[in-house]
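Model the full structure from these sequences, guided by the hints.
Protein chains: 2
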Amino acid sequence: MKFNVLKEDSLTSARLGRLATTHGIVDTPAFMPVGTSGSVKGVTPEEVRHSGAQIILGNTFHLYLRPGSKLIASLGGLHKFTGWDGPILTDSGGYQVFSLAKLRKITGNGVIFQSPIDGSEHIFTPEMVIEIQETIGSDIIVCLDECIPFPATYEYTKESTDMTLQWAERSKKAIKRYDSGLFCVVQGGFFKDLREYCANELVNTGFDGYAIGGLSVGESKDMMYSVLDQTVPMLPADRPRYLMGVGLPENIIEGVIRGIDMFDCVVPTRHGRRGYLFTQSGHIIIKNAGYKDDESPVEDGCDCYTCSKYSRAYLRHLFMSGEILGLRLNTIHNLHYFGRLMNAIRGAIEEGRISQFRERFYSIRKEGDRC
Amino acid sequence: MKFNVLKEDSLTSARLGRLATTHGIVDTPAFMPVGTSGSVKGVTPEEVRHSGAQIILGNTFHLYLRPGSKLIASLGGLHKFTGWDGPILTDSGGYQVFSLAKLRKITGNGVIFQSPIDGSEHIFTPEMVIEIQETIGSDIIVCLDECIPFPATYEYTKESTDMTLQWAERSKKAIKRYDSGLFCVVQGGFFKDLREYCANELVNTGFDGYAIGGLSVGESKDMMYSVLDQTVPMLPADRPRYLMGVGLPENIIEGVIRGIDMFDCVVPTRHGRRGYLFTQSGHIIIKNAGYKDDESPVEDGCDCYTCSKYSRAYLRHLFMSGEILGLRLNTIHNLHYFGRLMNAIRGAIEEGRISQFRERFYSIRKEGDRC
Numbered sequence: 001m002k003f004n005v006l007k008e009d010s011l012t013s014a015r016l017g018r019l020a021t022t023h024g025i026v027d028t029p030a031f032m033p034v035g036t037s038g039s040v041k042g043v044t045p046e047e048v049r050h051s052g053a054q055i056i057l058g059n060t061f062h063l064y065l066r067p068g069s070k071l072i073a074s075l076g077g078l079h080k081f082t083g084w085d086g087p088i089l090t091d092s093g094g095y096q097v098f099s100l101a102k103l104r105k106i107t108g109n110g111v112i113f114q115s116p117i118d119g120s121e122h123i124f125t126p127e128m129v130i131e132i133q134e135t136i137g138s139d140i141i142v143c144l145d146e147c148i149p150f151p152a153t154y155e156y157t158k159e160s161t162d163m164t165l166q167w168a169e170r171s172k173k174a175i176k177r178y179d180s181g182l183f184c185v186v187q188g189g190f191f192k193d194l195r196e197y198c199a200n201e202l203v204n205t206g207f208d209g210y211a212i213g214g215l216s217v218g219e220s221k222d223m224m225y226s227v228l229d230q231t232v233p234m235l236p237a238d239r240p241r242y243l244m245g246v247g248l249p250e251n252i253i254e255g256v257i258r259g260i261d262m263f264d265c266v267v268p269t270r271h272g273r274r275g276y277l278f279t280q281s282g283h284i285i286i287k288n289a290g291y292k293d294d295e296s297p298v299e300d301g302c303d304c305y306t307c308s309k310y311s312r313a314y315l316r317h318l319f320m321s322g323e324i325l326g327l328r329l330n331t332i333h334n335l336h337y338f339g340r341l342m343n344a345i346r347g348a349i350e351e352g353r354i355s356q357f358r359e360r361f362y363s364i365r366k367e368g369d370r371c
Numbered sequence: 001m002k003f004n005v006l007k008e009d010s011l012t013s014a015r016l017g018r019l020a021t022t023h024g025i026v027d028t029p030a031f032m033p034v035g036t037s038g039s040v041k042g043v044t045p046e047e048v049r050h051s052g053a054q055i056i057l058g059n060t061f062h063l064y065l066r067p068g069s070k071l072i073a074s075l076g077g078l079h080k081f082t083g084w085d086g087p088i089l090t091d092s093g094g095y096q097v098f099s100l101a102k103l104r105k106i107t108g109n110g111v112i113f114q115s116p117i118d119g120s121e122h123i124f125t126p127e128m129v130i131e132i133q134e135t136i137g138s139d140i141i142v143c144l145d146e147c148i149p150f151p152a153t154y155e156y157t158k159e160s161t162d163m164t165l166q167w168a169e170r171s172k173k174a175i176k177r178y179d180s181g182l183f184c185v186v187q188g189g190f191f192k193d194l195r196e197y198c199a200n201e202l203v204n205t206g207f208d209g210y211a212i213g214g215l216s217v218g219e220s221k222d223m224m225y226s227v228l229d230q231t232v233p234m235l236p237a238d239r240p241r242y243l244m245g246v247g248l249p250e251n252i253i254e255g256v257i258r259g260i261d262m263f264d265c266v267v268p269t270r271h272g273r274r275g276y277l278f279t280q281s282g283h284i285i286i287k288n289a290g291y292k293d294d295e296s297p298v299e300d301g302c303d304c305y306t307c308s309k310y311s312r313a314y315l316r317h318l319f320m321s322g323e324i325l326g327l328r329l330n331t332i333h334n335l336h337y338f339g340r341l342m343n344a345i346r347g348a349i350e351e352g353r354i355s356q357f358r359e360r361f362y363s364i365r366k367e368g369d370r371c
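Here the protein sequences line up with chains A and B, keeping their order.
Reading the first sequence from the start, the letters are residues 1 to 371 in our numbering.
Reading the second sequence from the start, the letters are residues 1 to 371 in our numbering.
Hints are supplied without guarantee of correctness; some may be wrong.
Copies of the same chain look alike in the list, so a pair counts if it fits in one copy or across any two.
Stated by the list, open to error - Quick list of in silico lysine-lysine cross-link-like pairs, DSS-like style, CA-CA up to 25 Å:
#, residue 1, residue 2
1, K287, K80
2, K192, K309
3, K70, K287
4, K292, K70
5, K292, K80
6, K309, K80
7, K102, K366
8, K2, K173
9, K70, K309
10, K176, K70
11, K105, K158
12, K176, K80
13, K287, K366
14, K70, K172
Just so you know, these hints were derived from the structure itself, not from any lab.
Spelled out as structure tokens, the structure:
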């Protein structure tokens with residue numbers, strides 16, 4: 001994996017980059033749609049690519065439990081299995097173990113958890129998590145970490161961060177394949193000194209990329225941005241920085257301004273399935289009665305399949321009727337919205353006008369819209 | 001609407017035809033995928049067309065209740081609203097009133113029913129049902145009828161058939177648009193004389209096409225074929241014959257042999273969503289553990305998107321994981337199976353070998369497969 005910074009903004013920390021992986025190029029800043037269980041929910045790989053996405057995220061936790069990493073390997077790996085031939089980043093599974101699994105027990109060695117599918121008991125150690133990701137053929141592998149709950153005490157946060165650091169060291173030693181990149185995760189909660197401590201230690205060990213974890217867990221956006229302000233400057237300039245699980249369009253722009261190169265979030269897909277559609281001027285709740293006879297597309301000027309062919313009235317009808325085509329058409333639009341947003345962000349950095357872009361982003365939105 | 005018989009088989013009643021509608025040509029024998037609520041469930045109009053289907057069916061009952069025929073008209077009609085620009089046949093709603101609605105009351109004038117969506121009370125008269133179908137812009141309109149329950153007494157069947165006949169006469173008089181075709185429905189249950197009586201009366205009145213209703217309601221396939229053997233010869237040779245709600249591939253072949261030109265059924269779409277996939281050698285239940293590591297496509301030689309890109313193992317995984325992409329990929333394959341079947345049937349009639357085609361259809365199937 002190779003990463004090059006192509007341009008740095010003069011007024012902000014935003015930067016334009018290019019990440020080269022075994023399965024192709026990713027222009028950064030990049031947004032990764034989430035393909036939890038081997039499918040970006042509701043859409044085909046071609047539809048994902050057409051939205052402008054160049055890389056997707058797969059959930060190690062889900063894929064390990066079903067269909068299983070060995071089965072995926074025996075079927076030619078995750079790319080062949082799912083039909084997505086571009087780059088794939090797999091997360092560490094840490095977040096899911098702590099949010100979705102039951103009866104967990106954390107030891108220095110790893111974490112014991114119960115499958116939410118069948119109740120069977122499993123253990124994730126840092127070494128196993130690397131092996132799973134290598135087995136399925138991920139392009140970018142993430143070290144096991146604990147996503148610290150919010151709020152948490154200083155003591156809990158310190159202890160957990162130390163464990164994440166030890167796990168990161170063990171992860172680096174466990175790597176057997178050299179065609180993937182290895183990302184560590186900066187934890188440290190909402191304590192400045194612990195974030196700094198964690199970032200320093202990880203940088204000393206040295207990784208191909210640096211994820212920032214433990215954000216978007218219930219804190220205010222000011223708290224999130226403050227952690228970025230503290231943490232990003234401590235990370236090496238020549239390595240990609242990935243803000244995990246974030247987020248809404250405005251979080252992405254604020255992240256970019258603060259030097260983030262990569263993002264992932266279920267927002268475009270999950271919100272789409274719930275009828276929450278993104279537009280430049282704010283969001284649309286498609287079930288609202290006002291769209292009943294609205295002949296206009298979700299967003300004027302959007303070139304996605306959904307906007308080029310269907311009216312808000314039809315999308316509302318599909319949603320009200322529980323038609324699965326509606327989930328798909330909504331998802332396609334939202335993915336395109338995110339694809340266009342990232343493209344516009346890259347163009348703005350290229351042309352040295354990301355600050356103006358940010359200003360305009362806020363100015364054309366309906367007042368009070370938080371999307 | 002115009003219909004031409006292009007070729008008649010010498011050994012069977014099978015025939016090749018062409019139906020010309022305002023929205024395009026339909027080669028017969030034809031299968032119509034069902035777009036219940038303005039969407040063939042899970043797929044786009046382009047995917048429907050790519051499967052080989054040239055005409056789809058819309059359910060008057062569903063569309064009348066939601067989003068409503070006037071709303072559809074105000075949005076430019078059903079074609080524009082749904083994005084399907086080919087021919088659409090709408091059914092009479094009779095079947096749904098009798099199978100899905102509550103608290104119904106049948107009078108000579110029409111039928112009173114309660115909406116399954118919100119409990120509101122509605123009435124369908126023959127005139128209203130024509131008006132609804134004309135309002136939404138259907139290419140082929142079907143007269144209101146009663147789909148007689150199975151089993152039913154002779155007396156019930158006689159009375160109901162008389163009502164259907166009166167409704168058909170009233171329907172013909174109610175027609176205001178002359179760019180659509182009007183089909184009546186032959187009822188008469190499983191009584192030979194009542195089927196003959198009904199067919200004769202309808203032919204005397206004269207319609208653009210003749211649907212055969214009240215089949216696939218729980219009777220044996222021999223009973224179904226026997227009704228076709230009796231009824232089809234009574235219908236005018238120069239008008240299309242449509243076997244409503246049928247059916248499985250073998251029902252279609254047996255229908256074609258008996259002179260049927262058009263079919264519709266939810267089988268490819270509904271079975272697809274349930275993981276029941278059609279192949280020439282029989283059906284596949286995709287959730288079966290045997291497909292867990294099966295790298296082959298659903299059907300070797302199938303050129304559908306699903307078979308050209310995905311393994312049975314992946315489809316099984318999507319099904320087991322409840323991924324909506326699985327519903328769609330399964331539906332695409334099944335629609336293609338039906339599209340290829342109809343194409344092969346038309347080719348066999350063209351080349352005078354439909355009897356051999358039928359023999360081969362049975363001979364290459366796994367023993368005991370009823371699909």
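Hint check results:
1. K287 x K80: between (37 Å within a copy, 20 Å between copies)
2. K192 x K309: neither (50 Å within a copy, 49 Å between copies)
3. K70 x K287: between (42 Å within a copy, 19 Å between copies)
4. K292 x K70: Classified as between: cross-chain Cα gap 12 Å, same-chain 49 Å, threshold 25 Å.
5. K292 x K80: between (42 Å within a copy, 15 Å between copies)
6. K309 x K80: For K309 and K80, only the inter-copy Cα distance (9 Å) is at most 25 Å; the intra-copy one is 31 Å.
7. K102 x K366: neither (41 Å within a copy, 45 Å between copies)
8. K2 x K173: For K2 and K173, the Cα distance is within 25 Å only inside one copy (20 Å; across copies 75 Å).
9. K70 x K309: For K70 and K309, the Cα distance is within 25 Å only across copies (21 Å; inside one copy 42 Å).
10. K176 x K70: This pair counts as within: shortest intra-copy Cα distance 16 Å, inter-copy 65 Å.
11. K105 x K158: The answer is within: 18 Å in one copy meets 25 Å, while 72 Å across copies does not.
12. K176 x K80: Close inside one copy (21 Å), not across copies (56 Å); limit 25 Å.
13. K287 x K366: Within. Shortest intra-copy distance 19 Å satisfies the 25 Å Cα cut-off; inter-copy 47 Å does not.
14. K70 x K172: within (22 Å within a copy, 65 Å between copies)
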